[in-house]
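Enquirer: Read top to bottom, the protein sequences are chains A and B. Counting in numbering that gives the first Met the number 0, the first sequence tops out at residue 307, every number present. Counting in numbering that gives the first Met the number 0, the second sequence tops out at residue 374, every number present.
Just so you know, not all the hints are guaranteed correct.
Below, computed lysine-lysine pairings styled on DSS-like, alpha-carbon distance capped at 30 Å [said to hold, decoys possible]:
{"#": "1", "chain 1": "B", "residue 1": "Lys77", "chain 2": "A", "residue 2": "Lys63"}
{"#": "2", "chain 1": "B", "residue 1": "Lys163", "chain 2": "A", "residue 2": "Lys63"}
{"#": "3", "chain 1": "A", "residue 1": "Lys160", "chain 2": "B", "residue 2": "Lys107"}
{"#": "4", "chain 1": "A", "residue 1": "Lys160", "chain 2": "B", "residue 2": "Lys268"}
{"#": "5", "chain 1": "A", "residue 1": "Lys160", "chain 2": "B", "residue 2": "Lys163"}
{"#": "6", "chain 1": "B", "residue 1": "Lys108", "chain 2": "A", "residue 2": "Lys73"}
{"#": "7", "chain 1": "A", "residue 1": "Lys63", "chain 2": "B", "residue 2": "Lys107"}
{"#": "8", "chain 1": "A", "residue 1": "Lys63", "chain 2": "B", "residue 2": "Lys203"}
{"#": "9", "chain 1": "B", "residue 1": "Lys90", "chain 2": "A", "residue 2": "Lys63"}
{"#": "10", "chain 1": "B", "residue 1": "Lys108", "chain 2": "A", "residue 2": "Lys63"}
{"#": "11", "chain 1": "A", "residue 1": "Lys63", "chain 2": "B", "residue 2": "Lys224"}
{"#": "12", "chain 1": "A", "residue 1": "Lys91", "chain 2": "B", "residue 2": "Lys224"}
{"#": "13", "chain 1": "A", "residue 1": "Lys160", "chain 2": "B", "residue 2": "Lys180"}
{"#": "14", "chain 1": "B", "residue 1": "Lys180", "chain 2": "A", "residue 2": "Lys91"}
{"#": "15", "chain 1": "A", "residue 1": "Lys73", "chain 2": "B", "residue 2": "Lys90"}
{"#": "16", "chain 1": "A", "residue 1": "Lys160", "chain 2": "B", "residue 2": "Lys165"}
Beyond 10 Å from chain B on every Cβ pair, some chain A residues (computed) [what the hints assert, rightly or not]:
{"#": "17", "residue": "Pro69"}
{"#": "18", "residue": "Leu171"}
{"#": "19", "residue": "Ile291"}
A few chain A residues facing chain B, derived, Cβ under 7 Å [what the hints assert, rightly or not]:
{"#": "20", "residue": "Arg87"}
{"#": "21", "residue": "Asp151"}
{"#": "22", "residue": "Val260"}
{"#": "23", "residue": "Asn268"}
{"#": "24", "residue": "Phe273"}
Because the hints were derived from the structure by calculation, they are not lab data. In this text the structure is predicted, and so the values were computed from the model without any measurement. Here a beta-carbon is modelled for each residue, glycine too, at the ideal position from N, C-alpha and C.
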Amino acid sequence: MTVASTARDASGGPGEEERQRADVKKERREWRQYVGFAPAAVLFGVFFIAPLCLIVVYSFWITKNYELVPAFTKNNYATIITTSTYVRTFGKTVLMAFLATVAALALAFPFCYWLVRYVPKRLQRMGLLLVVLPFWTSYLLRVYAWVAILGDHGAINSLLKALGLTHQPIRLFLYDNPGVFIVLVYLYFPFAALTLYASLERFDWRLLHAAVDLGATPMRAIANTLFPQMRLAMVTAGIFVFIPILGEYLAPAAIGGTNGVMMGNLVANFFSGFLLPLGSAASVLIALVILIVLIIFRRSLDTKDIYV
Amino acid sequence: MSGITEIKLDRRSFVRGALMLGAASPLLLSACASGSDSSSGGGSGSGGDVNWLTWSDHYSTDQLAKVASSTKITGRPKLFSDNADAFLQIKQTGPQFDMVSADALWVKKYMESGLIEPFDLASISSSSELYSMAKNFDFLNDPKGALGYPFSWSTVQIYYDPNKIKTPPTSWESLTDPMYKGLIVAENIPTDLMAIAGIATGSKSPYAQTPEQVSSASNFLGALKPNMVKLASQNNEIVTMMASGEAAIGISNLGTDVRVKDAGGPELKSAYPPEGTIGFIDSEMISAKGANKPLVKPFLDAMQKSEWIVANFTTNWRPLFNETAAKALTNDPKTADNAKRLFMDNPEKALAMTLKGPAQDQQAYTEAFNRVFGA
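Please model the entire structure based on the sequences and the hints provided.
Expert: Written out as structure tokens, the structure is:
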């Protein structure tokens, strides 16, 4: 049966039938176009939205005699917000994340600048490989490697001893906040470097030359031509570094000792002590900080912008 | 291909779809979890895996490999540090764990919550090697049967390196002296540290402190905090830190001195606090919902044979309840001294300490602890 004969059989005439068929085809096409996104939607929904929903729900519940009781209460939030230790730890976590982000960017920018401008293209890949090399080992190993580096019998103390500068091991940074800061910068430097490199690689360096030709000092040329174009990449890199640091648990636990505690450690204690609602409330507050950061910098999240 | 390029899925639609999936997935996951109850495999005769929530000193990899080759049952341990943490995991994971380890009074808590299954201890032939008093612990027995297979015990005391500590600590209270600044390491178990602080401040029921006692205990921990270099995630981290000299005082189990020496560390001395102390009597329990729980008894039988208990003692150096192993150890000149010194032949000592258990008000304990050890 041809399309024409089918059209003749239809009560609405050939034109109507054609339109209906076209509509059905269009609907089917529109439906099918979503199928490609199904894996991403499943991943996003099941592994991100669902746990987040559970945490939000738990944060309004209570625990009674090692049982979770679904009784709606805002007390968990009130406890976190009104307890000076928790507020202090929360503030310290945000500050630590901010400082480590600034430091990671401050180190990553000159490194990427040097890599893009002064290293031959074929060797740039080698440089990038060195940046991502630590990812080939476990995160846990990378953190514990710093215990070995900063520890009493670690690389730094061994070197100082070998040089005759010390006789007894000196505790440099380990089991305190500076140690946590150093390790966080080390851990998240690659995130910043890769993002900035992607942007710098596409920068039109003739703009810099033009600025210098027009009388700008090299620093002024960088400040007035390069930085404005790098701003979005900087923000994106900052977000990539800042957000995971807010939830850090292992680095402060392994390196920070009793002085280097961050919010993630308290949350872990809440969870291991069966205080899921309090731990969830603290986690939701951390997520809120992340949300605020994302809202403030939402325009920078368009990833195509980081490529200038 | 044109279909892909013509996609007009906007961010709003994507997020809406993901949200719907996210909201539906907890239901789906719980349905899958309950469904897996019935689909669990593994019979006692066929071999398989025993998923085991435990501490690192309850097994060795060599032991697991040999037990697997002789019984076709492979132990798959997952570690925890705090009893409350293990309790939570068993409560939330359902059939995923077949066996779980717990300290003394926690066992009853598991039973009250319907998380473990009583069993006939005599049906595990290795149990004939146990001290008879260990088979009769109140907290490990129930009219329905045995609740746990008694494994090991230890008090928690103070160990110190005499080369670095010129004025030895003599009590819990003495540990707050500023001369020990940054020298102490203890395990990060909030409930137990609060109990120790309770004992230090005069509480007679360290796991059931009143709000005033919790406050005093919290003040004690506040005074102790500057002297603590780190809260270790597992007991073996205490050994590592004391062996490397990063900590000079450890709040730890019996035998820590031998383990530190074995790890190349200094000769330690111990101090038993006159205020009293806490301690554990741990045991292995059968998870009520374990998918492979029929395998637990043959697995336990193989794991608890005296030869393995001897090996466990000479690795971890804290007493165990296997009498046959105790005899072998005390008769061997190489191990006799340590076996006697560390009470391998004197299990009655285990009943002199305050047994670890769940806190009466867990929220108050954890919160008080976090308030001290936060920033």
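Enquirer: For each hint, tell me whether it holds in the structure or not.
Expert: Evaluation of the provided hints:
In summary, the hint linking Lys77 of chain B to Lys63 of chain A is supported, as the alpha carbons are separated by about 27 Å, within the 30 Å threshold. Our distance criterion of 30 Å between C-alpha atoms is broken by Lys163 of chain B and Lys63 of chain A, whose separation comes to about 45 Å. Under the criterion of a C-alpha separation no larger than 30 Å, the hint pairing Lys160 of chain A with Lys107 of chain B is inconsistent with the structure, at around 54 Å. Using a Cα cut-off of 30 Å, the hinted pair Lys160 of chain A and Lys268 of chain B holds, with the two alpha carbons roughly 28 Å apart.
With a CA separation close to 19 Å, the supplied pair Lys160 of chain A and Lys163 of chain B stays within the 30 Å bound. Taking the CA atoms of Lys108 of chain B and Lys73 of chain A, the gap is about 29 Å. The hint holds against a cut of 30 Å. Among the hinted pairs, Lys63 of chain A with Lys107 of chain B is consistent with the structure: their alpha-carbon atoms are about 17 Å apart, no more than 30 Å. At most 30 Å may separate the alpha-carbon atoms for a hinted pair to count; Lys63 of chain A and Lys203 of chain B meet this at roughly 24 Å.
Distance restraint check for Lys90 of chain B and Lys63 of chain A: the Cα-Cα separation of roughly 14 Å lies within the 30 Å cut-off, and the hinted pair is therefore satisfied. Distance restraint check for Lys108 of chain B and Lys63 of chain A: the Cα-Cα separation of roughly 14 Å lies within the 30 Å cut-off, and the hinted pair is therefore satisfied. Restraint check for Lys63 of chain A and Lys224 of chain B: the C-alpha separation of about 29 Å stays at or below 30 Å, so the hint holds. As the CA atoms of Lys91 of chain A and Lys224 of chain B are separated by approximately 18 Å, the hinted pair is consistent with the 30 Å bound.
A threshold of 30 Å between alpha carbons decides the hint, and for Lys160 of chain A with Lys180 of chain B the separation of about 24 Å falls inside it, so the pair holds. Of the supplied pair hints, the one linking Lys180 of chain B and Lys91 of chain A holds, its CA atoms being roughly 23 Å apart against a limit of 30 Å. Only pairs whose Cα atoms come within 30 Å are accepted, and Lys73 of chain A paired with Lys90 of chain B is accepted, the gap being roughly 25 Å. Annotation: proposed proximity of Lys160 of chain A to Lys165 of chain B holds, straight-line Cα distance about 25 Å (limit 30 Å).
With a least beta-carbon separation of about 14 Å from chain B, Pro69 of chain A lies farther than 10 Å from that chain, consistent with its non-interface assignment. At roughly 13 Å from the closest C-beta of chain B, the C-beta of Leu171 of chain A stays outside 10 Å, upholding its exclusion from the interface. The beta carbon of Ile291 of chain A is kept farther than 10 Å from every beta carbon of chain B, the shortest such distance being approximately 18 Å. Using the Cβ-Cβ criterion of 7 Å, the hint placing Arg87 of chain A at the interface with chain B is satisfied: the shortest such distance is roughly 5 Å.
At about 5 Å, the closest approach between the beta carbon of Asp151 of chain A and any beta carbon in chain B falls short of 7 Å, and the interface hint on this residue holds. Interface hint status for Val260 of chain A: upheld, as the beta-carbon distance to the closest one in chain B is roughly 6 Å, under 7 Å. With 7 Å as the threshold, the beta carbon of Asn268 of chain A comes within range of chain B, its nearest partner Cβ sitting at about 5 Å, so the hint holds. The criterion of a C-beta within 7 Å of any C-beta in chain B is met by Phe273 of chain A, whose closest approach is roughly 5 Å, and the hint holds.
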